[in-house]
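K.L.:
Sequence:
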Amino acid sequence: MNTFVLGTDHSADTLTVPHQLDAPFDADVYDDIVAELCTVLLSLLSRRDRRLRAEQYLRGLLATPGRKSIRNIAAHLGGPAVEQSLQHFISSSVWDWRPLRMALADYLEQTATPQAWVIRPIHIPKAGKHSVGVDQHFAPHLGQVFHGQQALGVWLASTELSAPVNWRMILPEPWINDPERREQAEVPEGLRAESAEECAVSAVVQMAQGWNIPRRPVLLDLRRDRISTATGRLTAGGVHFVARVSPSCRMAVADPALPGYRAGSLAVQRILELIKGMRVPVAWRDAAHGNTMRTTMAATVPVTLPGPAGTRSRRLLLLGEWTSPAQPPSQLWVTDMTHLSVGALLRIAKLNGRVEEDFARIGDRAGLRDFVGRSFRGWHRHMTMASMAHTAIALGAAA
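Taking full-length UniProt numbering, the leading residue of the sequence shown gets 1, the next gets one more, and so forth.
Treat each hint with caution, since some may be false.
[Said to hold, decoys possible] Simulated pairs of lysine to aspartate or glutamate, DMTMM-like, Cα-Cα distance not exceeding 25 Å: (1) K126 - D178; (2) K129 - E83; (3) K126 - E173; (4) K126 - E186; (5) K276 - D286; (6) K126 - E183; (7) K126 - E198; (8) K276 - D336; (9) K129 - E180; (10) K126 - E180; (11) K129 - E194; (12) K129 - D178; (13) K129 - E183; (14) K126 - D364; (15) K126 - E83; (16) K129 - E189; (17) K129 - E173; (18) K126 - E194; (19) K129 - E186; (20) K276 - D255; (21) K129 - D364.
If you're looking for bench data, these hints aren't it; they were derived computationally from the structure. Please read all numbers here as calculations on a predicted model, not as lab measurements.
Assemble the whole structure, with the sequences as input and the hints as a guide.
P.N.:
Spelled out as C-alpha cells, the structure:
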C-alpha cells in the first residue's frame, strides 16, 4: 500500500490517545500577529461579511479550548446564531480557499524564510461513514488499520518553525466511483483516486508551477513507493527533492573511483557500507529537543537510478546517516541536488523533525484534525483557516 511517513516518530498522530484538551489560547500574546494575518490574507475575500466571519473563525480556533468543532467554537463565541453563520461560512459559502493558501505561503516566505517543503501525512479517525473521504486506511507508523480520513499536508519549514500551507485529501475508490457519495460531499468533477505518492507529488508540482513563491526542495518519504516514477514527476515539474528510501532499494554506484562501481545494481545500504570510510561529522539542530545542536556521521555517494520504462537512468546522490558508527546507516535518502555538500543535505533532511515537533505541539491546538462535516469544500476551508491558526501560534512561539 502506498503511503508517506516522515520521520520515525509520529506520536502526535496516534489513533488511541484522546483529543488533547489544551488550555484557552492567550490571544493577547499573539494579537499583533493575528491582526496582521487578518489584514494580509482575509482582504482577499471579496465580501465584508465573509471577512468578518473568517476573522471570527480564526480567533475561535485560537481561543476555544478542546476540540475545534464549529459547535464548540460557536459556544465559546456566542451561541446558536454564531454557529449557524460559521457553519454557512465553512460548509455552504462559495469562497475559494486556494488564494488564501497562496497568500499564506507568501506571508511565511516573507516572515520565516523556509528552507524546504515537507510532506507530512495526517490520519483523522472518524466514527461515522458520511464525512468526505472516510474509509478503512492503513497507518504504517502505527501498524494498524483505522477508520477515518487520510490527507497530506505541504509544510513550509525552517530550523525555527514550520506551518502547513497546502492540503490534499486522499479519496478512496468508493468516494470517486459512487455518484451519490460524490454529490452528497460535493466532490468536484475531475477528481480521481490517487495514491499517497501521487497526491504528494501533485500538490508540490501544483505549488511550483502555479504559486508565486520561491521553489524550495521537497522533503518526502518514498520507502514504500516507486522511486523512479515519483522523482521523475518531480524533476519534470521543476522541483528538487530529498527523498527517504528503503535500505533494500537498489541503485548503482556512478563514480568509477569508488568501491562497488563495477558491481551493478546494489542495495543502497550495501553501497553506503562500502564507502563508510568517507563519513564525516555533521552538526544539525534537533527540533524535538529545543533546537539543540547534535552531531552525527554522514556520507554521500553518486548513484544512478533506473528511470521508468523507455527513459534513461538518472544520476542522483545517495545520502546516509549513522547514529551509531558501528551499526548500518540509520537513515538513507536520495537527492537530485548533487551540488550540495553532505552537511547541507543532512540539515535539509532533518527539517522533518521540525514539522513533527510543530505538529505535536500546535496541530491539535490549531484544529488540524477537528473538522466535523460531510463537505469536501468545507474540509478544505476549515484546513485553510486551521493552517492560519497554526501559523499564528508558530510565529508567536518563535518570537
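K.L.:
Against each hint, give a clear statement of whether it holds in the structure.
P.N.:
Going through the hints against the structure:
1. Between the alpha carbons of K126 and D178 the distance comes to roughly 20 Å, so the proposed pair stays at or under 25 Å and holds.
2. About 23 Å separates the Cα atoms of K129 and E83, which keeps this hinted pair within 25 Å; it holds.
3. Under the criterion of a C-alpha separation no larger than 25 Å, the hint pairing K126 with E173 is consistent with the structure, at around 18 Å.
4. As the CA atoms of K126 and E186 are separated by approximately 19 Å, the hinted pair is consistent with the 25 Å bound.
5. Distance check on the hinted pair: K276 and D286 sit about 24 Å apart at the alpha-carbon level, within 25 Å; holds.
6. A distance of roughly 20 Å separates the Cα atoms of K126 and E183; the hinted pair therefore holds under the 25 Å criterion.
7. This hinted pair checks out: K126 and E198 have alpha carbons roughly 24 Å apart, not beyond 25 Å.
8. At roughly 21 Å between alpha-carbon atoms, K276 and D336 fall within 25 Å of each other, so this suggested pair holds.
9. Under the criterion of a C-alpha separation no larger than 25 Å, the hint pairing K129 with E180 is consistent with the structure, at around 13 Å.
10. A threshold of 25 Å between alpha carbons decides the hint, and for K126 with E180 the separation of about 20 Å falls inside it, so the pair holds.
11. The hinted pair formed by K129 and E194 meets the criterion: a straight-line CA distance of about 20 Å does not exceed 25 Å.
12. At most 25 Å may separate the alpha-carbon atoms for a hinted pair to count; K129 and D178 meet this at roughly 14 Å.
13. The straight-line distance between the Cα atoms of K129 and E183 is roughly 15 Å, inside the 25 Å bound, and the hint therefore holds.
14. Taking the CA atoms of K126 and D364, the gap is near 15 Å; set against the 25 Å cutoff, the hint holds.
15. Restraint check for K126 and E83: satisfied, since their Cα atoms lie roughly 22 Å apart, inside the 25 Å limit.
16. A distance of roughly 21 Å separates the Cα atoms of K129 and E189; the hinted pair therefore holds under the 25 Å criterion.
17. The hinted pair formed by K129 and E173 meets the criterion: a straight-line CA distance of about 14 Å does not exceed 25 Å.
18. Between the alpha carbons of K126 and E194 the distance comes to roughly 21 Å, so the proposed pair stays at or under 25 Å and holds.
19. For the suggested pair K129 and E186, the alpha carbons sit about 15 Å apart, so the restraint of at most 25 Å is met.
20. For the suggested pair K276 and D255, the alpha carbons sit about 15 Å apart, so the restraint of at most 25 Å is met.
21. For the proposed pair K129 and D364, the alpha carbon gap of about 22 Å is at most 25 Å, so the pair holds.
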